[in-house]
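**Student:** Put the complex together from the two separate chains, hints included.
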Amino acid sequence: MSIRILIVDDHPVVRHGLKTLIGEHPGWEVVAEAADGLEAVEMADKLSPDVVVLDVSMPRMHGLEACRRIRQNDPNCEILIVTQHDSLQMMEEALLCGARGYVVKSNAARDLLAAVDAVSKHKNFTARKPEQVSDAN
Amino acid sequence: MKLRILIADDHEVVRRGLCTLLQSHEGWEICGEANNGRAAVEMATQLKPDVVILDIGMPNLNGLAATRQLVQQDPKCKVIVLTITDSDQVIREALDAGARGFVLKSDAARDLVAAVEALQRNRMFFTPRVNDMVLAGFLNRGHNGAATSTAPRLPQLTPREREVIQLLAEGKSSKEVASVLNLSTKTAETHRSNIMRKLGFHSIRDLVVYAVKNNIIQVQLPAESVVPRDDSAA
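Protein chains in written order, with our numbering: chain A, 1 to 137; chain B, 1 to 234.
Isolated chain B (complex conformation) (with noise of 0.2 angstroms):
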């Protein structure tokens, strides 16, 4: 029986080149692609896939919080994150959010016949840096009894509320949240009170940073500046 694996990337050109690195793997197949996250989530409700690859940077819902998702719905999904970054917020958010492997998209044509391969043995696969700081979270808890991390805590936010919250921060009004997530206009509404009352903010533009600054979106840097125009560098 073959093993079955959901992509999801918001760039169609990512997901051919994913399908391509992982077909050509015997006994593996893709049975679905996804362009956001929220897609993934119904996807894999209806498919139920042996693995789940999800990008972290997608429009509607993350690839964090679809994590979640599918864990919360099944714990035993096997999901394996896609990122651009191995910053310890990322990695500890992926990991509280069940994921079973961290994949780097620069290193993913090296790494992810590898990180799947580890999920279907019923392994974790993560890069190096990953590991580090597991295994530096595991030793601070065997000195000192308890984790010792240092980052700051941030405010407790229900899974509906991180949601609501990366569709504002995309530009979303509270209707068109409410018929993202089905919701009424007011329970729309009162997430987003009880956000701004909880992250202590006035604006939708605080919002929008907290939103960038906690990768609950990802926002494409301004174009490089411009290259020189002086003949002699060629």
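Just chain A, with the same shape it has in the complex (with noise of 0.2 angstroms):
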């Protein structure tokens, strides 16, 4: 199945790594890289990508907020969060602002293609145990 993914995270080698995991997946494209949340929310509105892969930290505006826009915008664009913040409160929060899944940063090398590939079928996920996942989605 083909998905096109917009990656989004302020620290260039960090977009290399994600797109070079993503590259691993036959029929998956990136169509493009931003490097903030307003970047994310204009390429987005563009580029209509399927997943939007999202920092949460980053400068000019916070992933969570461009999280909000962009699924204001698109309903039907999933976002997957991959973030450094390892919390249940963030990952809360995050699935509150539309968010389908939240993978933490260090663990994005094992995660992100199962992630990835839930979120595009519309399916929540995340690496915690569903019991410590409030019901925000």
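The hints are simulated quantities; they were obtained by calculation from the structure and are not laboratory data.
For each residue, glycine too, the CB sits at the ideal point set by N, CA and C.
None of the hints are false.
The calculated EDC-like cross-link candidates involving lysine to aspartate or glutamate, where the alpha carbons are at most 20 angstroms apart (straight line), are:
1) B:K186 / B:E161
2) A:K19 / B:D107
3) B:K213 / B:D86
4) B:K172 / B:E161
5) B:K198 / B:E161
6) B:K48 / B:E117
7) A:K19 / B:E33
8) A:K19 / B:E12
9) A:K46 / A:D36
10) B:K2 / B:E33
11) B:K172 / B:D206
12) A:K19 / B:D10
Here are the in silico distance ranges between beta carbons for each label pair:
13) B:G27 / A:K123: 43 to 51 angstroms
14) B:V219 / A:R60: 22 to 30 angstroms
15) A:R60 / B:T185: 49 to 57 angstroms
16) B:A114 / A:A114: 30 to 38 angstroms
17) A:A127 / B:K186: 37 to 45 angstroms
18) B:Q89 / A:K121: 45 to 53 angstroms
19) A:L113 / B:R4: 25 to 33 angstroms
20) B:K213 / A:A127: 27 to 35 angstroms
21) B:R4 / A:N107: 27 to 35 angstroms
22) A:K121 / B:K213: 43 to 51 angstroms
23) A:K121 / B:K186: 52 to 60 angstroms
Covered by chain A, per the in silico footprint, the following chain B stretches (three or more residues, Cβ under 8 angstroms):
24) 5 to 15
25) 18 to 30
26) 105 to 111
**Tutor:** Now the structure itself:
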């Protein structure tokens, strides 16, 4: 299945890493990269990706605010948060903002492909046990 | 003959990014990857890479302590440290540890290739801020005959004591510290007592604060505050 993906992170080296991981999956295409939340919203509007892989702590616009705006503009676009924050509070917040999946950066190499696959099918993906997640989404 | 590079970062996704960045350069190869400083030292001893790229904030043994060990083992070892901050203290410690390159993580995609090229030519590579600091230090010495840093002097800790501080600050018990460092529990406890005495500390809490303040460990800041849910903001 072909999936069009937008990668958003303020560190180019992390974007390189995410792109390399995603590139290992046949049929998936990274359509663009953005370095902050505002750029992410603009690119998502323009390119209508299937999935946005979105960092949280970024300049100009916070990732969760970007998440909320992207989802408002295009409810079909699914958001996968990839963040350094291994925090239940942050994960719940992300889900409330409309994210479909949440991956901690230190586990990204392990979880990223499964997470993109799940959210592209409009299924939730969190690496935590389901009972740890409140019914936020 | 290819330039052999060892990469150490605790985040695999960052290592992937670094590999992609460096492997696209003709004549360079990644000879090994490590996910903490201790593994990096062991791999470097075994693989003898031409250049070692070390993240500073790594578990078990941080990048600065790993640099110190690598340079102590082989003074010709060429180390580039990757850091999220170029604060005066981190710069000073990196230079003191023997790093020959200093690259901000946020600028790695732009600067890292240039840094490796510089080390390949037996030169050093620093960010403009580090260059300014080195120059200022040099000029201070020129005028006064000695460095005139006003930075507070830290108590003299041995490299081993710094390793023990990191492990204790990461929450390990003396027994676990002993196991990681291949020491007896009694020796680990002696190190712990010496550290507490030298630093004038009475609790592990003091030690953790010291480790954070002195970049021996890096902590993740608490999750940022919740973004407003005012729909009009959209």
